[in-house]
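Could you build all of it, start to finish, from the sequences and the hints given here?
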Amino acid sequence: MAADGPLRRLDERVGRALADGPLPTGAAELLADLGNMTVAVPVLAVVAAYTAWRTHRVGTALWWPPPLTAVLVMTAVPLLVIPLKLAVDRTGPPGMDGTGYYPSGHTATATVAYGAATLLLLPHLPRPNTRRALTLTCALLNLGVGYGLVRRGYHWPIDVLASWCLGGILLLVMAASTARYGREPTADQHSPRSTAPGSTRAAAPRVSGQPK
Numbered sequence: 016m017a018a019d020g021p022l023r024r025l026d027e028r029v030g031r032a033l034a035d036g037p038l039p040t041g042a043a044e045l046l047a048d049l050g051n052m053t054v055a056v057p058v059l060a061v062v063a064a065y066t067a068w069r070t071h072r073v074g075t076a077l078w079w080p081p082p083l084t085a086v087l088v089m090t091a092v093p094l095l096v097i098p099l100k101l102a103v104d105r106t107g108p109p110g111m112d113g114t115g116y117y118p119s120g121h122t123a124t125a126t127v128a129y130g131a132a133t134l135l136l137l138p139h140l141p142r143p144n145t146r147r148a149l150t151l152t153c154a155l156l157n158l159g160v161g162y163g164l165v166r167r168g169y170h171w172p173i174d175v176l177a178s179w180c181l182g183g184i185l186l187l188v189m190a191a192s193t194a195r196y197g198r199e200p201t202a203d204q205h206s207p208r209s210t211a212p213g214s215t216r217a218a219a220p221r222v223s224g225q226p227k
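Residue numbers for the sequence shown follow my numbering, so the first one is 16 and each next one is one higher.
Careful: at least some of the hints might be erroneous.
[What the hints assert, rightly or not] Computed spacing ranges between beta-carbons, pair by pair: (1) Arg146 x Val86: 14 to 24 Å; (2) Val73 x Leu101: 29 to 39 Å; (3) Leu187 x Thr53: 41 to 51 Å; (4) Glu44 x Arg147: 24 to 34 Å; (5) Gly41 x Ile97: 40 to 50 Å; (6) Val73 x Glu27: 48 to 58 Å.
Derived by calculation from the structure, the hints in this document are not laboratory data.
Since this is a predicted model, take the numbers as computed values, not measurements.
Even for Gly, the Cβ is constructed at its ideal location relative to N, Cα and C.
Have a look at this one:
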């Protein structure tokens with residue numbers, strides 16, 4: 016995007032076409048607003064507080080790494096996006112003033128906030144269908160934010176794509192670093208026999224005729 020090459024020109028043609036799309040302006044504006052920090056960050060804060068309270072209440076050891084990591088990856092968004100905006104210094108779509116549109120800050124905020132909230136909630140959802148539904152909802156929500164930004168003429172498509180990639184990297188780091196933490200104890204872990212120091216599982220009675 017820093018060079019005025021064929022990819023950038025193709026991106027701008029696609030962006031102008033999407034800006035003339037059928038989605039009503041009001042709906043596109045609503046989707047774009049979901050990427051505001053005043054909307055997305057409070058959602059993550061509420062989910063982080065809820066999952067921390069829930070895992071701590073049931074006695075989960077090391078309940079704090081997942082919510083803390085979520086806060087850290089959210090804090091990393093402006094620390095990464097702002098220098099990239101200054102370095103690339105891309106102009107915006109027609110009607111937008113100034114430069115610094117690549118990557119999209121709204122898209123990065125939505126990707127990390129809603130994605131991190133989803134990662135925090137998934138270990139607390141026992142049903143696979145519920146987990147899939149939450150993941151799909153998160154993906155569709157972020158697609159909607161990106162499309163709304165392009166449809167309203169606030170960003171070019173690759174501004175959005177770059178922030179999806181950047182946010183995806185941060186979410187992968189979060190998922191890898193918190194995979195072993197924050198899960199609620201299972202029924203076996205609550206069992207005195209399985210949690211008592213030095214305890215062993217009782218041997219099953221041997222059926223007559225079984226080999227020794």
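For each hint, the structure was consulted:
1. For Arg146 and Val86, the Cβ-Cβ distance of about 23 Å falls inside the hinted range of 14 to 24 Å, so the restraint holds.
2. For Val73 and Leu101, the Cβ-Cβ distance of about 46 Å falls outside the hinted range of 29 to 39 Å, so the restraint is violated.
3. A C-beta distance of roughly 26 Å is found between Leu187 and Thr53, which places it outside the suggested range of 41 to 51 Å.
4. Separation of Glu44 from Arg147 is about 30 Å and conforms to the stated range, judged on CB atoms against 24 to 34 Å.
5. With their beta carbons about 30 Å apart, Gly41 and Ile97 fall outside the hinted range of 40 to 50 Å.
6. At about 52 Å, the CB distance of Val73 to Glu27 agrees with the hint of 48 to 58 Å.
When held up to the earlier numbered hints, the structure conflicts with 2, 3, 5 and fits the remainder.
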